[in-house]
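So the protein lines, in turn, are chains A and B. For the first sequence, the numbering used here assigns the number 1 to the initial residue and increments by one for each residue that follows. For the second sequence, the numbering used here assigns the number 1 to the initial residue and increments by one for each residue that follows.
If you are wondering where the hints come from, they were derived from the structure by calculation, not from laboratory data. A hint or two may mislead.
To be verified - If we take Cβ atoms under 10 Å as the criterion, some of the chain A residues that face chain B in the derived model are: (1) Ile17; (2) Arg18; (3) Gln20; (4) Ser63; (5) Asp91; (6) Ser122; (7) Cys133; (8) Lys246; (9) Lys247; (10) Phe248; (11) Lys249; (12) Ile262.
Claimed, not checked - In silico EDC-like pairs for lysine to aspartate or glutamate, Cα to Cα no more than 20 Å straight-line: (13) B:Lys103 x A:Asp91; (14) B:Lys67 x A:Asp238; (15) A:Lys67 x B:Asp91; (16) A:Lys67 x B:Asp241; (17) B:Lys103 x A:Glu35; (18) A:Lys24 x B:Glu121; (19) A:Lys24 x B:Glu320.
None of these values were measured; they are calculated from a predicted model. Glycine residues also receive a C-beta, built at the ideal position from the N, C-alpha and C atoms.
Protein chains: 2
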Amino acid sequence: MLLATDCHIGFLEKDLIRGQDSFKTFEEVLKQAVEYDVDFILLGGDLFHANKPSRTTLYKTSSLLRKYCMGDRPSRIEFLGDQSENIRYPDVPVANFEDPNFKISYPVFSVHGNHDDPTGESNLSAIDIPGICGLLNHFGKVSSVDDIEIRPLLLRKGQTKLALYGLGSVRDERLCKTYMEGKVKMTKPNDGPESWFNLFVIHQNRYSRGSTSYIEEDFLDDFLDLVVWGHEHECLIDPVDSPSGKKFKVTQPGSSVATSLISGESRPKHIGLLKIHKKEFKLKKIPLKTVRPLFFEKVVLSQTNLNPGSEDALTEFLKEKVESILQHAQIDNGMRPLVRLKVDKSGGYGDLIPHKFGQNFVDRVANPKDILRFDKSETDADQSHPPVRSGIDGLRLENVINELCKESDERLQLKVLPKDGLEKALKSFVNNEQKGSIKNFVEQEIKKFVEVRVAEAQN
Amino acid sequence: MLLATDCHIGFLEKDLIRGQDSFKTFEEVLKQAVEYDVDFILLGGDLFHANKPSRTTLYKTSSLLRKYCMGDRPSRIEFLGDQSENIRYPDVPVANFEDPNFKISYPVFSVHGNHDDPTGESNLSAIDIPGICGLLNHFGKVSSVDDIEIRPLLLRKGQTKLALYGLGSVRDERLCKTYMEGKVKMTKPNDGPESWFNLFVIHQNRYSRGSTSYIEEDFLDDFLDLVVWGHEHECLIDPVDSPSGKKFKVTQPGSSVATSLISGESRPKHIGLLKIHKKEFKLKKIPLKTVRPLFFEKVVLSQTNLNPGSEDALTEFLKEKVESILQHAQIDNGMRPLVRLKVDKSGGYGDLIPHKFGQNFVDRVANPKDILRFDKSETDADQSHPPVRSGIDGLRLENVINELCKESDERLQLKVLPKDGLEKALKSFVNNEQKGSIKNFVEQEIKKFVEVRVAEAQN
């Protein structure tokens, strides 16, 4: 099978330079599935970047799925048992490759991520649109986050039996709590998990990042053979032993498009060709060729001889850095690269205007407006990010809004947040939006978020 | 074939009483197609009520199309000639029933209406989402409204050859101009139209309503045999001779859901079973059984003995009217009816508060909040609707906004317009929306609208 995750289709789709990146790479993923003639494609969530993908994004994605996943070559996998609980469109209780009205060559199975999670009264995800149209199979949806039962899709090909477990994105704090209460249960196949290859695909934080919650690998069941970890964008696809001491391995394919210009996203990106035979597996890394190269470098100004008072000298110094990166860059696919300098300005250095600085590289860098990002080291006296307090006192509107906006369209966030301040943004987000569902979504999310914080404070 | 139009799926979908109406009737339409085992379904536009249908609406519509239009019974029509120009998804240059990867029993052909017209840079309509997924065939899209060539889909079944012409909604003013300049051309089949049944489906105003433009039947080509007129919601499905003296007949199926509580929408609603044999056709009316009954009555207060000063007497009088309607109503499908009293208050009568009046009928009427609509007769001195001036002087922001809002989500219109006044509404519409495409759409529409007005003024 082919493993990929976090395709974030539609990311920056209006950007003249980068707008097509996510579509191209998703097409490359599907082409590889055809090239390697896989049995199916397993996606780890965040197929779409926006909770409400644009019409163009929905259209193009559906078009690509139709083009590459349908055809005369019949699917070679078969389902064992009743799958209707897992692939639960009321009028279509079968997977697309089982529906006699479609010819599916390469079935796609996908959990949803935090970007394309189900919302509104009908609890539908954006991926349910190609889903109901027979172009992919959405699984791993839970009806209640307080009490989760994960039932596997039971698949067979030849002598190999695969129990495919999936869990679409749930807010980390909430899922943590449910795990800690022992209320996440994985249903084992009737004849025991020993004769099955037990694969689990999950879309959650894998690591703590300061204040964020994450799912510890220790939470997961020991009978699993392999965990495919979505959500984390860094490509760490080579399977590793779990530090929890449990017997499963973990593969983290990483995103197929860089949505943040951070160190982790600058590593070469891959998808995985996973071959399973009975209880054994082999994972072959396939490098993605259409990914726009990202060069990331940290610069600590206090370790240079630069005079903090001279803006010109700082500009020259950073220009040379970028020049040097561009000159040494090895770019195989001919794409204009992304460049990010993370500049530690501790020691009294001033900011440059990133936009103005970028004018020097307009024709050579894909992100001229935001090459530079200034911050200060944590040891610096003037800490701009005070530590977040825990418990109910730690509930800050900023966090609420950050959480909300992570889930919603990034464009909205960029447009609304900086301009009018956080409180006004939330108000306008709730009042001025066009669809009741977004309003419901935001209200639900606030409610959930507050509930969790209150629960934490009480414990 | 089955003829239907203006299904307006998703209309008032959040309404607790009426929310499911549009879905139920669309399902009835599809069931009738299966019941009568038609060759295909022809829709005249406004399949969706909103330009951006909600996820639930897209999902449910796709689900219904998948359920009823796919299956083992092969489609019996065949295409003659190259249809790729008319059904123009770049990667899928065929109709869904020609694609070997789908089993389509009842192909749907649809033009777009003014509610679901193509927008944005990619010029995609909401119906292109089920379209690209292989669930319907969108045709009648034009690339330029200044110079229109309408090429037919050439279909054959047995001895009957059908040239199916379609034109999706174009702003009436604009299309009028293009027609008057002789720049709307219908391409005739190579062997002449005589051996073909020439059917044209159009989605435009058919009648003038004061200031609105419309398409005169006299504009249309004389070689046509039948015109299916969408957009007009009144069911006038029995084919009539064109008053233009041209030889074609016109059928106006009317909407399958009442979106305005007006007289025309209160007529029984039908879809049509159209049988064509060579140059002959028969159209059988099929009454729709799931349509919520609408009772419409005009009341002229000055023709009563009511004392203009007594609010109580007026309330009693109108309550009795509604009671009388409800008592005499013949309702076959058991649905709570819609009732509208259009009250002419000329002669010094005051308004009642419709909302308060409706409390008397909460459990018996589907629209208790807006049973009453007060206005004054045109002969009344205090005319609230001055005649619209023509030409560039007639360009009023109100009209611009009305035009724009007609095309966009009705909910937006209802929510934004009355509250903040027109100018503010337009600003907020342009600034606060979440998707650039809406902004672009509005800007384009303003530009187009102004261009037409300027052109009119100059002529």
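(message) Just to be careful, I want the Cα atoms of A:Lys67 and B:Asp91 compared with a cutoff of 20 Å; is the pair within it?
(response) holds (7 Å)
(request) Mind checking the CB of A:Ser63 against every CB in chain B and telling me if the closest is under 10 Å? (result) It holds, given that the least Cβ distance between A:Ser63 and chain B is near 5 Å, below 10 Å.
(message) Holds or violated: the hint that A:Lys249 contacts chain B, with Cβ atoms closer than 10 Å.
(response) violated (36 Å)
(message) Does the closest beta carbon of chain B sit nearer than 10 Å to the beta carbon of A:Ile17?
(response) violated (16 Å)
(message) Hint A:Lys246 vs chain B: min CB-CB distance below 10 Å?
(response) Because about 38 Å separates A:Lys246 from the closest Cβ in chain B, which is outside the 10 Å limit, the hint is violated.
(message) Tell me if the straight-line CA distance from B:Lys67 to A:Asp238 falls inside 20 Å.
(response) Distance ~43 Å between B:Lys67 and A:Asp238 Cα, so the pair is violated.
(request) Decide if the proposed pair is consistent with the structure: A:Lys24 and B:Glu320, CA atoms, cutoff 20 Å inclusive. (result) Not OK: A:Lys24 and B:Glu320 at ~66 Å, beyond 20 Å, violated.
(message) Interface hint check: A:Phe248, Cβ to nearest Cβ on chain B, cutoff 10 Å. Holds or violated?
(response) Hint violated; A:Phe248 Cβ to chain B Cβ min 35 Å, cut 10 Å.
(message) Between the alpha carbons of A:Lys67 and B:Asp241, is the straight-line distance 20 Å or under?
(response) violated (46 Å)
(request) Tell me if A:Asp91 is really an interface residue toward chain B, meaning its C-beta lies closer than 10 Å to one of theirs. (result) holds (5 Å)
(request) Identify whether the interface hint at A:Gln20 stands, where standing means a beta carbon of chain B within less than 10 Å of its own. (result) This hint is violated: A:Gln20 lies away from chain B, its Cβ roughly 12 Å from the closest one there, beyond 10 Å.
(message) Check the hint pairing A:Lys24 with B:Glu121 against an upper bound of 20 Å on the C-alpha distance.
(response) Given pair A:Lys24, B:Glu121 holds - Cα atoms ~19 Å apart, limit 20 Å.
Hint compliance for this structure: hints 1, 2, 3, 8, 9, 10, 11, 12, 14, 16, 17 and 19 are broken, all remaining hints hold.
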